[in-house]
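The opening position of the sequence shown corresponds to residue 0 in numbering that gives the first Met the number 0, with each subsequent residue numbered one higher.
These aren't lab readings, by the way, just hints derived from the structure by calculation.
Every residue, glycine too, gets a C-beta built ideally from N, C-alpha and C.
There may be inaccurate statements among the hints.
Said to hold, decoys possible - DMTMM-like mimics (lysine to aspartate or glutamate), calculated; alpha carbons at most 25 Å apart, straight line: (1) K205 / E538; (2) K186 / E514; (3) K557 / E538; (4) K205 / E87; (5) K161 / D174; (6) K186 / D69; (7) K423 / D99; (8) K186 / E538.
Stated by the list, open to error - Computed spacing ranges between beta-carbons, pair by pair: (9) C563 / G86: 34 to 40 Å; (10) G553 / D521: 17 to 23 Å; (11) N166 / G67: 28 to 34 Å; (12) N327 / T71: 52 to 58 Å.
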Amino acid sequence: MKKTKLMSVLATAVAVFSGACWSGGAQAAGPWNDHALGAIKNYDPPGQCANLMDMQILPQDIGLPTTGADVTSALFVRATDPGNANGEYCLVLGAIRPVDPTAPDINFRVNLPTHWNGKALQPGGGGYDGTIPNTTGKTTLGSGTAPLTLGYMTFADDSGHKAADSNDASFAVNDEALANFGYMHIKKARDVAFEIARARYGKWPKRLYFSGGSTGGREGLTAAQRWPDDYDGILSNYPTANFLGLRLWGSFLEHAEYPDQSKPPTDPAYAAGFIPPALANEIATYAVAQCDGLDGVVDGLVANIPACRALSDQVIDHFKCSATRPTNCLTPTFIARTNQVYHRGYTLPYPLANGIMRYEGYNSLESVIMDLGTNPHLFNPVQDGPNAHHVARADQFVKYFVTRDPNFNLDTFDPVHPGVWLAKVQSLSQTIDATDPDLRKFMHKGGKIIWLHGTEDASVAPFANARYYETIAATMGQSEADKFIRFYMVPGLAHGGGNFNPVWDNLAVLDDWVENGVPPPDKPVALGNPRVAGVPTRERPLCVWPTMWQYVSGDPEKASSFTCVPGYHPARQFDAFP
């Protein structure tokens, strides 16, 4: 072990480090001491960075099973280096070694700013992961200065496998790689990063925040649920909390789109539940035209989703096949199958983790453009693009997570009655899903969660997350939930982007809540850049669930012209939702 190299360099600071011996266990970090940090944080930064090279972290310093971790690169980045806007820092790369020699490493990156503020931020990944997320940029949906520039130590990892793109799930045939993706990589990367921080600064970070969207949002909720003592705050955006529910939804969609694959692809019955993208776009455009003004202003955004849902039958009737509309229309099969799955979701006859048996649908008759692919032919393996994105994700999931057979035909998998695969499906839900409604440990520790989802999300059903939030409130009590969670449903926000992509200084708000007990404002102001030519950057209030924004008077591009009013149905009543 090459610990002696670093320890000799830091020998003069032994008194300052006070118990931060590198080989000690995770419990040895000691209390935070700002005076000690001040004494060492600017001590020969290039030299300290170089001496992190070849550092090895022992298995006992990592809270979950590994065979240790190695630093493979330590590069000092100067403030004046080309392309660097983050100030002076040490860029550390390395790998966490698996127990199973056939499992992949967890590759990680840690950024150690010279002018450290004593805090850390861990960004999450996306899709099936496979790459190290951006650790030098802003938080997801964040408008403020990049955390690294502010002095946050930042770190992230690839979740325990490498992939050319985040659609590749082939890693899941390995048990350790699957468990790492499900939850273990979060803790392993955290513990390794903290040991590297202790080697550089002499202390662990005094605060740790997690920020992410989609899979990264799920990872943030996982951190709060599984390791409440390790984390202080979570920024979770459009999280795949009910991951299994989402993947099974893709299987439901496949069966709805392609109800009779015994027929040749040229037979209308083969893809009777499919509609082309042009018709899906036309439906969304029509729905927006019917519902845009329900919030008091015509701005291209559908904010009053409950009122718009009351018009969904009208949307279906407008596009239903008839004597006056014999083509480019919605067939009875589409209405009964695909629309039912897309708009209403599904209910299972068996429970997933935490008793969940339902996955809500999408706002596909309110503003969301249905993604059903571009080709009425279903490929095997399913091709993302020609086939629906979620069908492709479900295909990867069933092939590699469930059956571990790369030749398995998705059409032969029944999500309602999985048969021999039921136990595997339920076990995977326990491993991956982040739906535990009892967050008392995180709350009592002082942890805070800021959580956003968008009404135009076509990747993760927004009301699946609303239902999870309501379950937390029902389990803990609304007054308790209000002490540490803010959940916002944002009109126009898709799965990142959309017609209103809200950006706000979410990290500063979270940090102020954690550090000073100052909760988010009643109506935080977010800026969005809608994809409408000639429309300036607009402001909207973020309305805490179950309220929604309503225009009052004044400049419709200013948040002050709106208020937040009750709109969604009372807590735990989802009958009007999909």
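Going through the hints against the structure:
A threshold of 25 Å between alpha carbons decides the hint, and for K205 with E538 the separation of about 34 Å lies outside it, so the pair is violated. Our distance criterion of 25 Å between C-alpha atoms is met by K186 and E514, whose separation comes to about 23 Å. For a cut-off of 25 Å, the pair hint linking K557 to E538 stands: about 5 Å separates their Cα positions. Between K205 and E87 the CA atoms are separated by roughly 21 Å; this keeps the pair inside 25 Å, and the hint holds.
Restraint check for K161 and D174: satisfied, since their Cα atoms lie roughly 15 Å apart, inside the 25 Å limit. About 16 Å separates the Cα atoms of K186 and D69, which keeps this hinted pair within 25 Å; it holds. At roughly 21 Å between alpha-carbon atoms, K423 and D99 fall within 25 Å of each other, so this suggested pair holds. About 37 Å separates the Cα atoms of K186 and E538, which puts this hinted pair outside 25 Å; it is violated.
Checked against the hint of 34 to 40 Å, the C-beta distance between C563 and G86 comes to roughly 38 Å, which is consistent with it. At about 18 Å, the beta-carbon gap between G553 and D521 stays in the expected band of 17 to 23 Å. A hinted range of 28 to 34 Å for the beta carbons of N166 and G67 is consistent with their spacing of about 31 Å. Checked against the given bound of 52 to 58 Å, the beta carbons of N327 and T71, roughly 57 Å apart, stay inside it.
In the structure shown, a violation is registered for the earlier hints numbered 1, 8, in ascending order.
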